[in-house]
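Chains as they are written, first to last, in the numbering used here: chain A, 70 to 412; chain B, 70 to 412; chain C, 70 to 412.
Keep in mind the hints are simulated off the structure, nothing from the lab.
We put the CB at the ideal spot given by N, CA and C, even for glycine.
One or more of the hints may lead you astray.
[Unchecked claim] Derived SDA-like pairs: lysine to any residue, alpha-carbon spacing no greater than 20 Å straight-line:
#1 B:Lys-384 - A:Leu-239
#2 B:Lys-263 - B:Leu-253
#3 A:Lys-384 - A:Glu-394
#4 A:Lys-404 - B:Phe-396
#5 A:Lys-384 - C:Arg-391
#6 B:Lys-384 - B:Phe-396
#7 A:Lys-384 - B:Ile-385
#8 B:Lys-384 - A:Ser-327
#9 C:Lys-263 - B:Ala-79
#10 B:Lys-384 - A:Ala-361
#11 C:Lys-263 - B:Gln-236
#12 A:Lys-384 - B:Val-381
#13 B:Lys-263 - A:Arg-397
#14 A:Lys-404 - A:Ala-387
#15 C:Lys-263 - B:Pro-98
#16 A:Lys-263 - C:Ala-218
#17 C:Lys-404 - A:Arg-397
#18 C:Lys-263 - C:Gly-344
#19 A:Lys-404 - C:Val-93
#20 A:Lys-404 - C:Ala-401
#21 B:Lys-384 - C:Gly-368
#22 B:Lys-263 - A:Leu-239
#23 A:Lys-263 - C:Pro-160
#24 C:Lys-263 - B:Glu-295
#25 B:Lys-384 - A:Gly-95
#26 A:Lys-263 - A:Ser-327
#27 C:Lys-384 - B:Ile-385
#28 A:Lys-263 - C:Arg-221
#29 C:Lys-263 - B:His-333
[Claimed, not checked] Just a sample of chain C residues kept apart from chain B, beta carbon distances all over 10 Å, derived:
#30 Leu-84
#31 Ala-132
#32 Gln-148
#33 Arg-271
[What the hints assert, rightly or not] To be clear about the criterion: a stretch of chain A counts as covered by chain C if any three or more of its residues have a C-beta under 8 Å from a C-beta of chain C, and this derived list gives those stretches:
#34 225-231
#35 281-294
#36 364-372
#37 395-405
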Amino acid sequence: MPTLGEIAAAAAARLQGCDPATVVTGVAPLSSAQSGQLSFLIHPRYRPFLATTQAAAVIVAPADADACPIPALIANNPQVAYARAAALFAPDPETRYGIHPTAWVSPAAQVAADAWIGPQCTVEAGAIIEAGAIIGPHCVIGEQAVIGAGSRLVAQVTICHRAQIGQRVLIHPGAVIGSDGFGLALDQDGRWLKIPQLGSVRIGDEVEIGANTTIDRGALEDTVIEEGVKLDNQIQVAHNVRIGAHSALAGCVGIAGSARIGRHCLLGGGVGVAGHLDIADRVHITGMSLVAQSITQPGTYSSGLTVEPNRVWNKISARLRRLDELFRRLTALEKIIYRNNAP
Amino acid sequence: MPTLGEIAAAAAARLQGCDPATVVTGVAPLSSAQSGQLSFLIHPRYRPFLATTQAAAVIVAPADADACPIPALIANNPQVAYARAAALFAPDPETRYGIHPTAWVSPAAQVAADAWIGPQCTVEAGAIIEAGAIIGPHCVIGEQAVIGAGSRLVAQVTICHRAQIGQRVLIHPGAVIGSDGFGLALDQDGRWLKIPQLGSVRIGDEVEIGANTTIDRGALEDTVIEEGVKLDNQIQVAHNVRIGAHSALAGCVGIAGSARIGRHCLLGGGVGVAGHLDIADRVHITGMSLVAQSITQPGTYSSGLTVEPNRVWNKISARLRRLDELFRRLTALEKIIYRNNAP
Amino acid sequence: MPTLGEIAAAAAARLQGCDPATVVTGVAPLSSAQSGQLSFLIHPRYRPFLATTQAAAVIVAPADADACPIPALIANNPQVAYARAAALFAPDPETRYGIHPTAWVSPAAQVAADAWIGPQCTVEAGAIIEAGAIIGPHCVIGEQAVIGAGSRLVAQVTICHRAQIGQRVLIHPGAVIGSDGFGLALDQDGRWLKIPQLGSVRIGDEVEIGANTTIDRGALEDTVIEEGVKLDNQIQVAHNVRIGAHSALAGCVGIAGSARIGRHCLLGGGVGVAGHLDIADRVHITGMSLVAQSITQPGTYSSGLTVEPNRVWNKISARLRRLDELFRRLTALEKIIYRNNAP
Numbered sequence: 070m071p072t073l074g075e076i077a078a079a080a081a082a083r084l085q086g087c088d089p090a091t092v093v094t095g096v097a098p099l100s101s102a103q104s105g106q107l108s109f110l111i112h113p114r115y116r117p118f119l120a121t122t123q124a125a126a127v128i129v130a131p132a133d134a135d136a137c138p139i140p141a142l143i144a145n146n147p148q149v150a151y152a153r154a155a156a157l158f159a160p161d162p163e164t165r166y167g168i169h170p171t172a173w174v175s176p177a178a179q180v181a182a183d184a185w186i187g188p189q190c191t192v193e194a195g196a197i198i199e200a201g202a203i204i205g206p207h208c209v210i211g212e213q214a215v216i217g218a219g220s221r222l223v224a225q226v227t228i229c230h231r232a233q234i235g236q237r238v239l240i241h242p243g244a245v246i247g248s249d250g251f252g253l254a255l256d257q258d259g260r261w262l263k264i265p266q267l268g269s270v271r272i273g274d275e276v277e278i279g280a281n282t283t284i285d286r287g288a289l290e291d292t293v294i295e296e297g298v299k300l301d302n303q304i305q306v307a308h309n310v311r312i313g314a315h316s317a318l319a320g321c322v323g324i325a326g327s328a329r330i331g332r333h334c335l336l337g338g339g340v341g342v343a344g345h346l347d348i349a350d351r352v353h354i355t356g357m358s359l360v361a362q363s364i365t366q367p368g369t370y371s372s373g374l375t376v377e378p379n380r381v382w383n384k385i386s387a388r389l390r391r392l393d394e395l396f397r398r399l400t401a402l403e404k405i406i407y408r409n410n411a412p
Numbered sequence: 070m071p072t073l074g075e076i077a078a079a080a081a082a083r084l085q086g087c088d089p090a091t092v093v094t095g096v097a098p099l100s101s102a103q104s105g106q107l108s109f110l111i112h113p114r115y116r117p118f119l120a121t122t123q124a125a126a127v128i129v130a131p132a133d134a135d136a137c138p139i140p141a142l143i144a145n146n147p148q149v150a151y152a153r154a155a156a157l158f159a160p161d162p163e164t165r166y167g168i169h170p171t172a173w174v175s176p177a178a179q180v181a182a183d184a185w186i187g188p189q190c191t192v193e194a195g196a197i198i199e200a201g202a203i204i205g206p207h208c209v210i211g212e213q214a215v216i217g218a219g220s221r222l223v224a225q226v227t228i229c230h231r232a233q234i235g236q237r238v239l240i241h242p243g244a245v246i247g248s249d250g251f252g253l254a255l256d257q258d259g260r261w262l263k264i265p266q267l268g269s270v271r272i273g274d275e276v277e278i279g280a281n282t283t284i285d286r287g288a289l290e291d292t293v294i295e296e297g298v299k300l301d302n303q304i305q306v307a308h309n310v311r312i313g314a315h316s317a318l319a320g321c322v323g324i325a326g327s328a329r330i331g332r333h334c335l336l337g338g339g340v341g342v343a344g345h346l347d348i349a350d351r352v353h354i355t356g357m358s359l360v361a362q363s364i365t366q367p368g369t370y371s372s373g374l375t376v377e378p379n380r381v382w383n384k385i386s387a388r389l390r391r392l393d394e395l396f397r398r399l400t401a402l403e404k405i406i407y408r409n410n411a412p
Numbered sequence: 070m071p072t073l074g075e076i077a078a079a080a081a082a083r084l085q086g087c088d089p090a091t092v093v094t095g096v097a098p099l100s101s102a103q104s105g106q107l108s109f110l111i112h113p114r115y116r117p118f119l120a121t122t123q124a125a126a127v128i129v130a131p132a133d134a135d136a137c138p139i140p141a142l143i144a145n146n147p148q149v150a151y152a153r154a155a156a157l158f159a160p161d162p163e164t165r166y167g168i169h170p171t172a173w174v175s176p177a178a179q180v181a182a183d184a185w186i187g188p189q190c191t192v193e194a195g196a197i198i199e200a201g202a203i204i205g206p207h208c209v210i211g212e213q214a215v216i217g218a219g220s221r222l223v224a225q226v227t228i229c230h231r232a233q234i235g236q237r238v239l240i241h242p243g244a245v246i247g248s249d250g251f252g253l254a255l256d257q258d259g260r261w262l263k264i265p266q267l268g269s270v271r272i273g274d275e276v277e278i279g280a281n282t283t284i285d286r287g288a289l290e291d292t293v294i295e296e297g298v299k300l301d302n303q304i305q306v307a308h309n310v311r312i313g314a315h316s317a318l319a320g321c322v323g324i325a326g327s328a329r330i331g332r333h334c335l336l337g338g339g340v341g342v343a344g345h346l347d348i349a350d351r352v353h354i355t356g357m358s359l360v361a362q363s364i365t366q367p368g369t370y371s372s373g374l375t376v377e378p379n380r381v382w383n384k385i386s387a388r389l390r391r392l393d394e395l396f397r398r399l400t401a402l403e404k405i406i407y408r409n410n411a412p
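Isolated chain A (complex conformation):
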């Protein structure tokens, strides 16, 4: 169990009214923290709980420090400080190394001595598992795929042939990296001919990939996820997409083929991005919007519509389909009025 002093050091926070030797037993929200636990104040709406919390100490912003009635860890960015403090309470990462007896590793694969290959895994010929990588249970590492140093595949992850995973990448269960892109040519009989998907996938360092997310390999060149990108669950990334460094995409986003997303972008849940377009750096798309054209300027963009009671919505939807008529009727009136009321 870390002490407040150790936590403050890890979180780059300043202690106020604390005994640095106080041992902390865990982290918890202000409202439910118990004696001995550390809490945090990130959203102002939780400020009233400062008066009643049982927490041993609380992480606060400088603006909240003076009025803080309990021991405080003062940090410029309390959310970042909390992330660093909470990491001290996370379960130890796997420290196992070696190859589980139920795993199958091709004799033509290379596995670093301090990497771990978990139960029931398959590592195909030519694959490379670098130092300190943790391959959890039931993962498949295809031929000539590379798993960078310090990366972790939690469980049931599929890495297809030749995909390259960077260092300190975290991939959650059920993700599929390097499956064939959806490349089809229509022949003269109306039948689809498969276009071989000859490219691969490159995943940069410190990327996180959510559960059941899929990232296709490129048709000829590679699909690329740059360093520091964070992908939530059930995201679909099509072939030849490039996602710029440090962008974060929420769950259920779909990116069509050859789209390019800039750096430091934020895509809300369920957003759809059409193929063959560019999104600039620092673009924020709100949830369930459709991006059907390129976006060249940073900023926030939307096309989602929130719910109304069904009867109200049905009327809106019906009126919407008569918008053209409305414009024509208005124009007809304007012609009459402005003829009669010319200055």
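Please build the complex by placing chains B and C on the supplied structure of chain A, with the hints as guidance.
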């Protein structure tokens, strides 16, 4: 093969014009049922088939009983009666118990004597598999996870560490329970810092979870799916969500972090729910709608728009973007008219 | 490495200015092709690269042949010709046969002598794996399921009991075929009763199914995917759906129960199709549209809305909710004007 009498007893139905000893060979729709099969009339549009069906008997509502020309099982709710009758024809559930020789079970896991651990499974240290649970092939049960009595994981399911699965829960292939939530803090350099996900997931009794559905663990407190909830395929449930008892969510729904869904709710396919909001009990959201604010009253809500021919839709979409201009032009006309036509 | 002559024969293309004996080392886009590589001109915007490409030869349409400054393979459909040429450079398909020692195959399953069962697979009793089928690592083949001749399951695929997969079918990682449909009856206490899913799934010949796509089994009759259908990643196909031959569905499409999609249809990414409706042959739905009614005529249909800057969109969204008021205000004006301006 059950008899009509046995079926009537299971379905709480009343026999009309039937020999209770008649053996039934299967269930089928009215239009394709063959001699010896049981059918049902749930939607009125199939009523004409009563005259021509080859079925041995039909489940009908009381209102349809008098006019029914063939042997009938009369039930107040024919759909419920059908569900109970059909269960008699479902393949026997797995009756195997023990541990398949290709499974790997940690010596520090507890597996009930009458549970079944299927081929190629992994059960990690501290996991508990309760009485009568069926773990199908290729499932991963993480450290200290609990699978309640009588639950069934069909195949390729991942249960992450410490997740708690209730009793008589049914989980379909590819589902992932307890993966890390998408918790990130942005540091001063524009890089994402992972917020450790220290909570867990609790799944209530008699929940059903569809194929490739993902449910994240909580950031600090638990993600909770209450008893009797039914989740279809490819649903994404983010961290700290709570879904109230007996709600049913159709395929491809996405629920963002910390949203709370009430009891007895219905969410149509592809619905998106934003984070940190509340949906009351008995709310019905129609398909592909976005819920971006809390809903406090029961009822049906929508924001989906159905298709038009592309050329029509393009015109509507263009007009929509000029709605503000339209309001301003109308207001200008009104000023002129109502000045000229003042009472 | 194939020669230009061999490529032309495979692609049914005519050589212009080529030595048929030239050995080709790979395929690449015009802009990055190196000496010895084959390229292609499919989209006119890449035509300027013809002047500067280093490619050894290029696949072009007849209309581009005369002006082509380098050796050319002339084909009526360059995309189809490219697909055939590129297939010569695709990695050899698996040629292994037999059963990997880590796979578990029920003694009551039938596996053709020249089929391959990969590492850590499970093949249950009564399953049939036909000639030349390739079952990649970590697949589950349920009881009495059939995998047709020449089909390939890449990895981590789940085929549930009794599902029938045709010949030369390609299924990508994480796909689930034959999971239970979402069939529920509401009892008098507001609890969901499971309706047994007694049908199965039939997948036609030459179908391709993307990563993490799910296809449910039918409630009573079968879910059917006809021959030549192409499904991208993360598609959800509910029970009793039928998809007509040679239709192609992009990523993240969701099809609700009992919908019928025609032949030669195209569904863009993220499209939602409601249940119990029919879509005619040769219908094209653009991305992120909702189909809530049947479509009886071929053509292109849409209901997606592309993004605007957030402030603009918020105004549009607010105005949209006042459309009914707008119609009423306009009608009121019309009454006044047309009374005053009657001819």
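Right, here's what the structure says about each hint:
no.	hint	in the structure
1	B:Lys-384 - A:Leu-239	violated (45 Å)
2	B:Lys-263 - B:Leu-253	holds (5 Å)
3	A:Lys-384 - A:Glu-394	holds (16 Å)
4	A:Lys-404 - B:Phe-396	holds (17 Å)
5	A:Lys-384 - C:Arg-391	holds (10 Å)
6	B:Lys-384 - B:Phe-396	holds (18 Å)
7	A:Lys-384 - B:Ile-385	holds (15 Å)
8	B:Lys-384 - A:Ser-327	violated (28 Å)
9	C:Lys-263 - B:Ala-79	holds (14 Å)
10	B:Lys-384 - A:Ala-361	holds (16 Å)
11	C:Lys-263 - B:Gln-236	holds (15 Å)
12	A:Lys-384 - B:Val-381	holds (18 Å)
13	B:Lys-263 - A:Arg-397	violated (54 Å)
14	A:Lys-404 - A:Ala-387	violated (27 Å)
15	C:Lys-263 - B:Pro-98	holds (18 Å)
16	A:Lys-263 - C:Ala-218	holds (18 Å)
17	C:Lys-404 - A:Arg-397	holds (16 Å)
18	C:Lys-263 - C:Gly-344	holds (19 Å)
19	A:Lys-404 - C:Val-93	violated (69 Å)
20	A:Lys-404 - C:Ala-401	holds (17 Å)
21	B:Lys-384 - C:Gly-368	holds (16 Å)
22	B:Lys-263 - A:Leu-239	holds (11 Å)
23	A:Lys-263 - C:Pro-160	holds (14 Å)
24	C:Lys-263 - B:Glu-295	holds (17 Å)
25	B:Lys-384 - A:Gly-95	violated (58 Å)
26	A:Lys-263 - A:Ser-327	holds (18 Å)
27	C:Lys-384 - B:Ile-385	holds (17 Å)
28	A:Lys-263 - C:Arg-221	holds (14 Å)
29	C:Lys-263 - B:His-333	holds (16 Å)
30	Leu-84	holds (41 Å)
31	Ala-132	holds (28 Å)
32	Gln-148	holds (23 Å)
33	Arg-271	holds (16 Å)
34	225-231	holds (count 4)
35	281-294	holds (count 5)
36	364-372	holds (count 6)
37	395-405	holds (count 5)
Of the hints listed earlier, those the structure fails to meet are numbers 1, 8, 13, 14, 19, 25, in rising order.
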